[in-house]
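Trainee: Chain residues, written in single-letter form:
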Amino acid sequence: MSSPVTDIPVRGGNITAVPPLPDSERKPLTKKEMSADHPTWCPGCGDFSVLALYFKLIEKRKLWHEKITTIAGIGCSSRFPYFVQAHGVHYIHGRALPFASGVSLSRPDLHVFVFGGDGDAFSIGGNHFNHTARKNIKMTYVVMDNWVYGLTKKQTSPTSPPGFKSKTDTWGAVDQPINPMKQAIAAGATFVARTTHTNPNHVLQMMEAAMDHDGFGFIECLSECVEFYPGAFDSSNPRKGGAFNLVPETHDVTDEIAAYKLADEPFPGRFGIFYKADRPTKNKLEAGINAKAQEKVKGLKHWQILQQNFDRMK
Amino acid sequence: MSEATMTAPASGGRPKVSKISEAVIRIAGNSQDGIQAIGGFLARLAGRSEQEVMTSYEDHIKSLRKGGIVLFDSDHVQPKPEWQQEYRHLGVAISSMTVEAIGGTGKDKGKNMFVLGLVAKMFDLNVPKLEKLIGERFGGKDESILNNALTAFHAGYSHSLDNVLETFRFVEGQKRAGHQVVMTGNEALGYGLIAAGVRFGAGYPITPWSDIMELLRRELPKYGGTFVQCEDEIASISMALGASYAGRVAVTGSSGPGISLKTEALGYAVMAELPLVVIDVQRGGPSTGMPTSVEQSDLNIACFGGHGDSPRVVLAPANVEDCFYTAIEAVNIARKYSVPVVILTDQAIATRIEACEEPNLEKVCQDISPDLTPIADFKPYDLSASDGLTHHAPPGKRIASGKYPVVTGLEHDEMGHPTGSPKLHLAMNAKRRNKLRKLASELPVPQVYGPPEGNVLLVGWGSNQGPIREAVDRARAAGDSVSSLHIRYINPLPPGLENIFSGFNRVFVVELNDEGIYGYGQLAGLLRARYCDAKIQGINKTDGLTFKVKEILEQTRARLAAAKAQPATA
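For the protein sequence lines, the chains are A and B, in the order given. Add 13 to the 1-based position in the first sequence for the working numbering, that's all there is to it. Add 4 to the 1-based position in the second sequence for the working numbering, that's all there is to it.
Calculated from the structure, these hints are not laboratory results. If you're wondering where the values come from, they're calculated on a predicted model, not measured in any experiment. Fair warning: there could be bad hints in the mix.
[Said to hold, decoys possible] Okay, derived cross-link-like pairs now, DSS-like style, lysine-lysine, Cα gap no bigger than 25 Å in a straight line: (1) A/Lys327 / B/Lys407; (2) A/Lys309 / A/Lys297; (3) A/Lys44 / B/Lys407.
Given the sequences, and given the hints that come with them, work out the whole structure.
Mentor: Shown next as structure tokens:
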């Protein structure tokens, strides 16, 4: 039977090629070159500081526009990609991690950053968080945790503490909140850190460490919602009379039980790297499977590999 | 496939040998009896068969023609007296004779091989070829397993058929040109995707889609590709979309329940204009439905599932060979039109084994690696694109202007930034719709099977092509004016259908789905909405089995009789 097969399409008339520019001739990107749309966040929102530090990270680590991909789901913080001048994706609610996994697993030449909020990460996307962590897919994931649904104007979030009065719990939240640190450690994340938007140096430090980690690097960054949960994190902010306590220097980041205990400390708890494990990424494991499989078909063109299957079906 | 034409048994003495060109062999048994294995061996031997899994012969005996042969295990089955009058019953102590041959108990394996031997004797099948197939199947295991299988097979083959009144010999079929390859529809789809250049896929296990993901998981690494088993259906389509965005069309797939879960992300692919191939191996629905039965009731969700206006492409392969080429076509349409393409196959094609002409792989295989050449400037949703088509710049591609695109599910401007502009929403909705209109205008006009004008036109899609064409042949042989039309492009529909329909008094759409509240099925509904033609009516059923030629003919006659009683106004 002959079947109409559309020819391989000639790609877009809307693209003009230019010669490649050697890296040596390129200067680190400035904040101006990195910023795109003006953020839609409310004045005073904690997310501004995370965005500013992302720019700083890009500048400091000399990352190029095209070598990073910024991916987010839905929520206030998930608007992130629109504000960054780089390849970006604003995906659907809760599913940024699997989308990012598809990019990470098929493009080892890129660094994938995912930004989102607590609803995206721990409620609608909760299962993806567990599985991306256990599979140890290489990417950096920053969750801006504000303990409330902000975009939809003040409903209870999976991290809202008991007693928090929202529009869906006018008498105060009753459900046990998720502890993001415990969740990440239990799920098998290989890099688990905690920071807060009020300490910019610490945020940058954690972002750099997460980026340098070969695996799924997760950061919970407390990020105050000044509109619907003002003052939520005051007790972690020295300028508001709170305490910013670092992870003790004696803490062994490879000790899972110790990390779990650290995560159990009452708010404001500790800031820094709770847990770090050296476990091969899925990216690396799949590459190993491929190398082994390709060894057996060395020197063959792709159609010839497929021909082997067809020869067996004769 | 038609039922065998068998002559009456010879009177007494040695079994009569009848020459036949086709036979329908139905095999029923309990789970774990290895029923599918027998079917598989026979299919590989014949190079063609249709398979339906059955666990009780009581439910299916009606599909046997009067006077047909029932070969049963007399150790376990007691046929009803009234059936013994209608069909020729032949009891063989299958369980105890298998035990006699290879030891063990009646619950152990081997009965299926014994039955295969019986069938081989009855139909005078090629024993050396069957032995070779058995060797291939069991060769890799413990030597004793292969020996037992062969012993059981020969015990069945050498079982005295004195009490059989008739055996059969197949007349030599016409040799087909070129090399033939034998595979299932799911295999054809999987290999078609590889030929098309797909190197990433993601999925979640569900019957009858799982074979495809198993195949891709096994094969893709040879090509440097990866298939990921995800935590759920939503993650699967999301991960595949991520890989598509990263520059090379990826695949996900499922069956009914999983497709329902994927629809939000499918709508995203339409909105974001990301290419993607989604395979839906349809099974009986709704809900968990009938996982191992065939149905064509996902047409509506494939074409329209999801919220908002989200035009996408839907293709339905007609048979196993078509699965291979449809996979390639789906990838190329997805790439050219920056749109998700759903391949609507079904349980019958998925598991059916067919011989088909070997494709010229050197010619057919294609490379669709992303192009990362730097570009001057770029708009991901350029409204002034001359052909209305835009393609994404994959991450990794440097854009000299320093203005980078965002891919998004929010309504957006030409750079992919969110907008609430009524004008832009209108323009972008038109962009997404018009590219499908462009595709429709480029599709080939389908060919009518039989004369292009007449009384009845049977319209079908998917796995119904075979029985519909045979129904046309039989109806025409009986002097009835019947033709048929097979539709591969479900959404958008191909051009020229209006002209074709105008040549017939009646148009009956034959589909394996319910006739619905208004009396016609899902494709019929689409055609009626499109052509406003009341002569389009439905021939439907949902018993979980493929259409039998007889059923199509009977329903066609019934429709015509009803129409005669009350003539159509057209």
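Trainee: Quickly compare the C-alpha distance for A/Lys327 and B/Lys407 to 25 Å and report which way the hint goes.
Mentor: violated (53 Å)
Trainee: Tell me if the straight-line CA distance from A/Lys44 to B/Lys407 falls inside 25 Å.
Mentor: holds (14 Å)
Trainee: Within a Cα-Cα threshold of 25 Å, do A/Lys309 and A/Lys297 meet the stated pairing?
Mentor: holds (19 Å)
The earlier numbered hint that this structure contradicts is number 1, and it is the only one.
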